[in-house]
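Visitor: Each chain is listed here by its residues.
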Amino acid sequence: GDSVTQMEGPVTLSEEAFLTINCTYTATGYPSLFWYVQYPGEGLQLLLKATKADDKGSNKGFEATYRKETTSFHLEKGSVQVSDSAVYFCALKGSGGGADGLTFGKGTHLIIQP
Amino acid sequence: DTGVSQNPRHKITKRGQNVTFRCDPISEHNRLYWYRQTLGQGPEFLTYFQNEAQLEKSRLLSDRFSAERPKGSFSTLEIQRTEQGDSAMYLCASSSQSGANQPQHFGDGTRLSIL
Numbered sequence: 879g880d881s882v883t884q885m886e887g888p889v890t891l892s893e894e895a896f897l898t899i900n901c902t903y904t905a906t907g908y909p910s911l912f913w914y915v916q917y918p919g920e921g922l923q924l925l926l927k928a929t930k931a932d933d934k935g936s937n938k939g940f941e942a943t944y945r946k947e948t949t950s951f952h953l954e955k956g957s958v959q960v961s962d963s964a965v966y967f968c969a970l971k972g973s974g975g976g977a978d979g980l981t982f983g984k985g986t987h988l989i990i991q992p
Numbered sequence: 020d021t022g023v024s025q026n027p028r029h030k031i032t033k034r035g036q037n038v039t040f041r042c043d044p045i046s047e048h049n050r051l052y053w054y055r056q057t058l059g060q061g062p063e064f065l066t067y068f069q070n071e072a073q074l075e076k077s078r079l080l081s082d083r084f085s086a087e088r089p090k091g092s093f094s095t096l097e098i099q100r101t102e103q104g105d106s107a108m109y110l111c112a113s114s115s116q117s118g119a120n121q122p123q124h125f126g127d128g129t130r131l132s133i134l
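Line by line, the protein sequences are chains A and B.
Per this note's numbering, the very first residue in the first sequence carries number 879; after that it's consecutive.
Per this note's numbering, the very first residue in the second sequence carries number 20; after that it's consecutive.
Worth flagging that the hints you see were computed from the coordinates, not collected in a lab.
Careful: at least some of the hints might be erroneous.
As the list claims (entries may be wrong) - Label-pair distances were calculated between CB atoms; the ranges are:
1) B:Ala72 <-> A:Lys984: 29 to 37 Å
2) A:Ser892 <-> B:Asn37: 44 to 52 Å
3) B:Lys33 <-> A:Ser957: 43 to 51 Å
4) B:Pro89 <-> A:Glu893: 48 to 56 Å
5) B:Asn26 <-> A:His987: 24 to 32 Å
6) B:Lys33 <-> A:Gly956: 47 to 55 Å
Unchecked claim - So the derived list for chain A, only partly shown, Cβ under 7 Å to chain B, looks like this:
7) Leu922
8) Leu924
9) Ala964
10) Phe967
11) Asp978
12) Gly979
13) Phe982
14) Gly983
15) Lys984
16) Gly985
Treat the numbers as computed from the prediction; the structure is a model and nothing was measured.
Note that beta-carbon positions come from the ideal geometry of N, C-alpha and C, so glycine has one too.
Put together the whole structure using the sequences plus the hints.
Guide: Listed below in C-alpha cells is the structure:
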C-alpha cells in the first residue's frame with residue numbers, strides 16, 4: 879500500500895538557518911503530495927501541495943518540488959523564523975481507486991531557537 | 020468560512036463505555052473524513068463520506084466503530100465498548116469535492132482518554 883517516510887525529529891535550528899525536511903513516498907500511479915503543518919495547540923493546516931511531477935508547491939517562504947524519479951517531496955525554506963516552530967507532516971493522496979483519504983508520514987517536529 | 024468544528028475537544032471515559040464525537044464540516048463541503056492520530060504518529064485514515072454515503076472504511080475501523088452522516092451535513096463517530104487502545108486524537112476533515120486540487124481542511128480534533 880501507499881506509505882510516506884519523513885526524517886525523524888526533533889530538528890533544531892537557529893533562526894535564519896536553511897531548512898530541509900526530507901520526505902519520500904511509495905505509491906502506485908501518480909499521487910498528489912502535500913505538506914501540512916501543526917502549530918502548538920492548533921489543528922492541521924495545509925502548507926503547500928503539488929499534483930504532478932516537477933510541480934513546485936510554495937507558501938509562506940516554504941517550497942517543495944514533486945520529484946517522481948526519486949519519489950521525493952522535500953520541504954525547504956531559506957531562512958526560518960521562531961514562528962516556524964511546529965510539527966510538519968508530509969502526506970499523499972493516491973491516484974488509484976479506493977480510499978480517498980490521505981496517507982501521512984509520522985511528522986517532523988521543528989524547533990527554531992532565537 | 021467558519022472552519023471544521025469538532026465537539027467535544029476532550030473526552031475522558033472509563034473502559035467499556037460508549038462515546039460519540041461530532042464533526043461539523045465547512046458548509047458547502049460534500050466530502051467528510053475521519054482520521055485517528057496517536058502520540059508521535061501521523062493521522063491515519065478511518066473513513067469518509069460523500070454527502071450522506073459512506074464510501075470507504077479503513078481496516079482500522081473495527082466493528083466497535085460506527086460513523087454516520089445522516090443528512091449529508093454533520094457527522095458522528097461512535098465507539099462502543101471503548102478499550103485502552105482507543106485513546107487517541109480523532110480528527111475530522113472536509114473538502115469540497117474529489118480531486119487532487121481540493122485540499123482537506125482539518126478540525127482541531129477530539130482527544131479521547133480511556134481510563
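Visitor: A separate judgement is required for each hint: does it hold in the structure or not?
Guide: Status of each hint after checking the structure:
| no. | hint | verdict |
| --- | --- | --- |
| 1 | B:Ala72 <-> A:Lys984: 29 to 37 Å | 31 Å, holds |
| 2 | A:Ser892 <-> B:Asn37: 44 to 52 Å | 49 Å, holds |
| 3 | B:Lys33 <-> A:Ser957: 43 to 51 Å | 50 Å, holds |
| 4 | B:Pro89 <-> A:Glu893: 48 to 56 Å | 50 Å, holds |
| 5 | B:Asn26 <-> A:His987: 24 to 32 Å | 28 Å, holds |
| 6 | B:Lys33 <-> A:Gly956: 47 to 55 Å | 51 Å, holds |
| 7 | Leu922 | 4 Å, holds |
| 8 | Leu924 | 5 Å, holds |
| 9 | Ala964 | 14 Å, violated |
| 10 | Phe967 | 5 Å, holds |
| 11 | Asp978 | 5 Å, holds |
| 12 | Gly979 | 3 Å, holds |
| 13 | Phe982 | 3 Å, holds |
| 14 | Gly983 | 5 Å, holds |
| 15 | Lys984 | 5 Å, holds |
| 16 | Gly985 | 5 Å, holds |
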